[in-house]
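Trainee: So you can see what is in the structure, the chains are spelled out below.
Number of protein chains: 4
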Amino acid sequence: MNAPTNPSFDVAHLGHVEIFTDRFEESLDFFTRVYGLKCSAQEGDSAYLRAWDDYEFHSMKLTRAERTGIGHVGYRVASPEALERRVAAIEASRFKSLGWVDGDRGHGRAYRFEDPFGHVFELYWETVRYEAPEADRSALKNLASRFTGNGVNTRRIDHVNLLGEDVSEFRDFAEVCLGSRVTEYIQLDNGRLGGVWFSVNNKTYDLVCTEERGKGHGRLHHVTYATDTREDILKAADIYLENGVFIETGPHKHAIQGSFFLYAWEPAGNRVELANAGARLILAPDWEPVCWTEADRKKGQAWGLKTIPTFHTHGTPPVEE
Amino acid sequence: MNAPTNPSFDVAHLGHVEIFTDRFEESLDFFTRVYGLKCSAQEGDSAYLRAWDDYEFHSMKLTRAERTGIGHVGYRVASPEALERRVAAIEASRFKSLGWVDGDRGHGRAYRFEDPFGHVFELYWETVRYEAPEADRSALKNLASRFTGNGVNTRRIDHVNLLGEDVSEFRDFAEVCLGSRVTEYIQLDNGRLGGVWFSVNNKTYDLVCTEERGKGHGRLHHVTYATDTREDILKAADIYLENGVFIETGPHKHAIQGSFFLYAWEPAGNRVELANAGARLILAPDWEPVCWTEADRKKGQAWGLKTIPTFHTHGTPPVEE
Amino acid sequence: MNAPTNPSFDVAHLGHVEIFTDRFEESLDFFTRVYGLKCSAQEGDSAYLRAWDDYEFHSMKLTRAERTGIGHVGYRVASPEALERRVAAIEASRFKSLGWVDGDRGHGRAYRFEDPFGHVFELYWETVRYEAPEADRSALKNLASRFTGNGVNTRRIDHVNLLGEDVSEFRDFAEVCLGSRVTEYIQLDNGRLGGVWFSVNNKTYDLVCTEERGKGHGRLHHVTYATDTREDILKAADIYLENGVFIETGPHKHAIQGSFFLYAWEPAGNRVELANAGARLILAPDWEPVCWTEADRKKGQAWGLKTIPTFHTHGTPPVEE
Amino acid sequence: MNAPTNPSFDVAHLGHVEIFTDRFEESLDFFTRVYGLKCSAQEGDSAYLRAWDDYEFHSMKLTRAERTGIGHVGYRVASPEALERRVAAIEASRFKSLGWVDGDRGHGRAYRFEDPFGHVFELYWETVRYEAPEADRSALKNLASRFTGNGVNTRRIDHVNLLGEDVSEFRDFAEVCLGSRVTEYIQLDNGRLGGVWFSVNNKTYDLVCTEERGKGHGRLHHVTYATDTREDILKAADIYLENGVFIETGPHKHAIQGSFFLYAWEPAGNRVELANAGARLILAPDWEPVCWTEADRKKGQAWGLKTIPTFHTHGTPPVEE
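Sequence order for the protein chains is A, B, C and D. At position 276 of the first sequence (counting the first as 1) the number is 276 in the working numbering, and the numbers step up by one without a gap. At position 285 of the second sequence (counting the first as 1) the number is 285 in the working numbering, and the numbers step up by one without a gap. At position 94 of the third sequence (counting the first as 1) the number is 94 in the working numbering, and the numbers step up by one without a gap. At position 71 of the fourth sequence (counting the first as 1) the number is 71 in the working numbering, and the numbers step up by one without a gap.
Warning: the hint list may mix true and false statements.
Said to hold, decoys possible - A short list of chain B residues far from chain C (calculated; beta carbon distances all over 10 Å):
hint	residue
1	93
2	98
3	172
4	190
5	202
6	218
7	244
8	249
Claimed, not checked - Sample of chain B residues facing chain A (criterion: CB under 7 Å; computed from the structure):
hint	residue
9	139
10	143
11	147
12	231
Bear in mind the hints are in silico, worked out from the structure with no lab data behind them. For clarity, every value in this text was computed on a predicted model and none was experimentally measured. Quick reminder that beta carbons are idealized off the backbone N, C-alpha and C, glycines included.
Working from the sequences, and respecting the hints, build out all of it.
Mentor: Printed below as a string of structure tokens:
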């Protein structure tokens, strides 16, 4: 791993992910009634969803499609000038530019580009802040919307994890195009990177790339929202159980990043995680990326839970083994 | 205070309370949507409500009335023989018998009697267990109904607090008629009892009598349901805030009994408390009642919060000062 | 399973367990510094330990020995008369009486008897209440000792799990000798009982017998203390990790009994569990024991965790396979 | 309030505060045994303390003095160049430069300056990372030191609150000298600012100035460390109670910033707060500062608790009224 990369802060934060589902109604029911997101709008083939503490119009765009997986990942930049700097950096790079798009219900024009494994990203400055209607306005004027305690009570979008055939290559992509810094990574004995965790701000991560072990390309490993507390995640496990949601693994604590996790599959098969909002912040400007070797990984998760096999194989869309 | 009273265990547990409301629709909306109770049935002027962990058909009977306050308090006995013993004890006492009633949606015939301050109690053996319909059946076969995490997520009925003009007299009533034991009490400097906490089982209390300081008679101070955790009660405070429910005091911890509390008024004005289910159990068969003097009480609640004035005056139905 | 057994309430509660250790100093360090127990006294080959909410002198007697496992299990009865009734019942039974012993630091004379698998039990009425010295006296007069938050912050003794070659036989023993009731059980496809959970009071269980699958006799499966919250157990996992304590499995939630658990091995190898104090109470006097079949058990723990192999083999003292 | 200020990110984070105490031994005992800080070194008249998740050598310098209050506030910058930029900005401003100092046990040379009310600040780049000795090394390689769960289990330094005679003036100071942005503020009816909350990064605040209502100058209102959870803060209240620590107010939730709080006075009288680490992040680059009017403030804290009078008068060092 190279010397630590100081983030440019040109990119402010993960804004939204677009998730494809081939069971739109069931997925929408899951995300709103069980997962606890609120629906800002439903338009065409998409529903625009957000958690109660997300300030933008949407943090998830759920789109009816013939397959599952990820549509695109949107990051908001820190200023119009930062957007210009980023676009210049991307266009000067070896990575694939897709050019400007007009924007969407939740934001203005956006610049699109692609990682080497087929995942589409976009950067935008102009956003649509969520304006709560009366029924969703919080009693506290510093909240974007009402705290309802609905379902598993997700609070804000947290991160997205993508599968890539060459994690080192993805690391270069994230550093060059997003100005991300690496906070932790897995170093395999074969010299390859097994996974890398990135952040553009003080959150400990907002983006992860782990190695694609199947024949997939451009696949999603999972998308994660944060809950307030670990206790929320324990309750979420009961709510999943009672609603017939498939729990893949957890609740438990990750050794890497130390976040408390629960993985489940939404009705269409996309993996969704819950993690706790109180996780570590990376405040050190010269944070040294933490290296996890295969020997470290053999100890399992923080408290010894072994990683289950599907975690290495299941992604969306599914592929034949 | 006399020597500790070993509970007879003839009375098994608090079964239900009947609450009167002069704003039936609003109260029902509060108790189901916000407070988190489930509605087993609505019939005539009453709704039969229960929390997800209550095994009987109902633990609250909410009844449309021209006033607020308490209708009656129902306790389930430990066996048919225990019921006979209790009835004999009540009939042999100086307290007022009201005789047998036919029962209700949630239980069989019941024996009614009255405390010296006009509160009606009943004892019953035959009960109607809640039989969850498919949509409310838990994935766990040892649960009475589905865990939903709905609203403030109340788990089970906990206790009821009644106002009485003479707390010593109420203590005799509870010991003689219910076979309750005293677990804690307030000894006023004037020689009177300020409040007494009673239990018929290993819960640390299920019944409280505190001194009526107004001109009321037969009034309710509050009814309480337990939540799983203190964190649930913190979230409840936010949910109350967002739903415009009047928070009277809390969240904080009682010095007496050590329970974590939050007091609010439901739309008709009846005071409802939340307390945490993980409170102390009284396992000692010879538990010595804990005496709190006025000097002790001057320290406030466990962490110093002062008792607010309405706590000493507000009861239902309200009375002119 | 026969008709539900109504508990006699002659036996009040689990009082203490005696644990043997062949690494006394290490075990004592674990139980006091990590597990959070307080030492009332150390005398001869034993240390007398208790949690902050245990009202008796000790709830664990830790004894230096040449082997690990359980010394005896002590239950406190509800009254002197209850003790007489119990002794008469035991002596009239087919189970083995060991007669009276003089008592111990923490209680008066006790009547000893043995289950068919070599575990020694005792019943006693006269107890020694813990009298906190000034430095351990709580600011709250209703607490037995000071809340310190020390280590994993155990609150009270919860239950003990013994291995028995014939669980049906143990069920008869517990019903006859202790007046226990069965709250849940595992029914194996071969017609045998796989495990039974018992309670003498409103706690959902205080004693468990699971089937001995090895060549052991009189072995301990585990002893459990309760913490206030599930969050305490999550923190405990970190404290175990940091102190090099072997975590066997968890934290997770049991399907049976619904308790949140964490299993670890203390330095001498005795399995110790943490469970949350806020678990379900069994208030129904006619609780119907819940039956879990092998088909049920195949679903794993509440949220799907599979039972690990050592859970079926490891007991203390260890035996050759 | 002017247009929102985009933070420069030149200043990375609050690094440490120096606290004066005229009861050094008692304060040190409080901060280490009760408040849960670890002592990196004791040297001369100072102890260097940090929480388990603070990556630097110290986040609190506790110094023996003839008075209480604040010594200085240290912020770490994002790079050597950022330090140059900041120094240039300060020297070009109307605020008072104190010049370079050699550094301290925990960091290299630092540039000092003073706010208009006598509080000393310093900026530094070169820091001393905490290198855990074996006994304090975490089992998790991404943690700066061992998680012990000691005392109230503080996790990291959170913020400092200073009293200033003119909050508007302090706002200019913080924006110019630290590059802070305002996240929330109190607008008094008299046109003055009652309090302003600042942040240099994604934390919702790290610095607060509230109006000095006494005759003090350069006084400290409080210093705050974050705990993992709100439950930690509830336990902290019990630990304070048992240790005779004066609880001033709380636990409760602030309307402003939404943090859960508990205020106490350490033995020398300095006010110390606990707040939960899971508080809101300010990810929006164009966050609009939230304005709280006197009318808003009349509603009390988030759940209605009224602000206690000492909160407006007590600061350190104390002043005659």
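Trainee: Determine whether the non-interface label on residue 172 (chain B) survives the test: each CB of chain C must be over 10 Å from its CB.
Mentor: 22 Å, holds
Trainee: Taking C-beta pairs only, is residue 249 (chain B) more than 10 Å away from all of chain C?
Mentor: 19 Å, holds
Trainee: At 10 Å, judged by beta carbons, does residue 244 (chain B) keep clear of chain C as stated?
Mentor: The claim stands: residue 244 (chain B) keeps its Cβ more than 10 Å from every Cβ of chain C (closest is about 29 Å).
Trainee: Given a cut of 7 Å on the nearest C-beta pair, is the interface hint for residue 139 (chain B) held or broken against chain A?
Mentor: 5 Å, holds
Trainee: Does residue 190 (chain B) really sit off the interface, with its C-beta more than 10 Å from all C-beta atoms of chain C?
Mentor: Nearest chain C Cβ is 21 Å from residue 190 (chain B), so the label holds.
Trainee: Just checking, residue 98 (chain B) versus chain C, shortest CB gap more than 10 Å?
Mentor: The claim stands: residue 98 (chain B) keeps its Cβ more than 10 Å from every Cβ of chain C (closest is about 24 Å).
Trainee: Just checking, residue 218 (chain B) versus chain C, shortest CB gap more than 10 Å?
Mentor: 27 Å, holds
Trainee: So, residue 147 (chain B) near chain A? Judge it on the closest CB pair being under 7 Å.
Mentor: Because about 5 Å separates residue 147 (chain B) from the closest Cβ in chain A, which is inside the 7 Å limit, the hint holds.
Trainee: Given a cut of 7 Å on the nearest C-beta pair, is the interface hint for residue 231 (chain B) held or broken against chain A?
Mentor: Holds - the Cβ of residue 231 (chain B) comes within 7 Å of chain A, reaching about 5 Å at its closest.
Trainee: Looking at residue 93 (chain B) again, its CB stays over 10 Å from all of chain C?
Mentor: 23 Å, holds
Trainee: Given residue 143 (chain B) as an interface hint, is its Cβ closer than 7 Å to any Cβ of chain A?
Mentor: Check failed: Cβ of residue 143 (chain B) comes no nearer than 9 Å to chain A, outside 7 Å.
Trainee: Would you check whether the claim that residue 202 (chain B) is not at the interface survives, using Cβ distances to chain C and the 10 Å cut-off?
Mentor: 4 Å, violated
Hint violations for this structure: numbers 5 and 10, all remaining hints satisfied.
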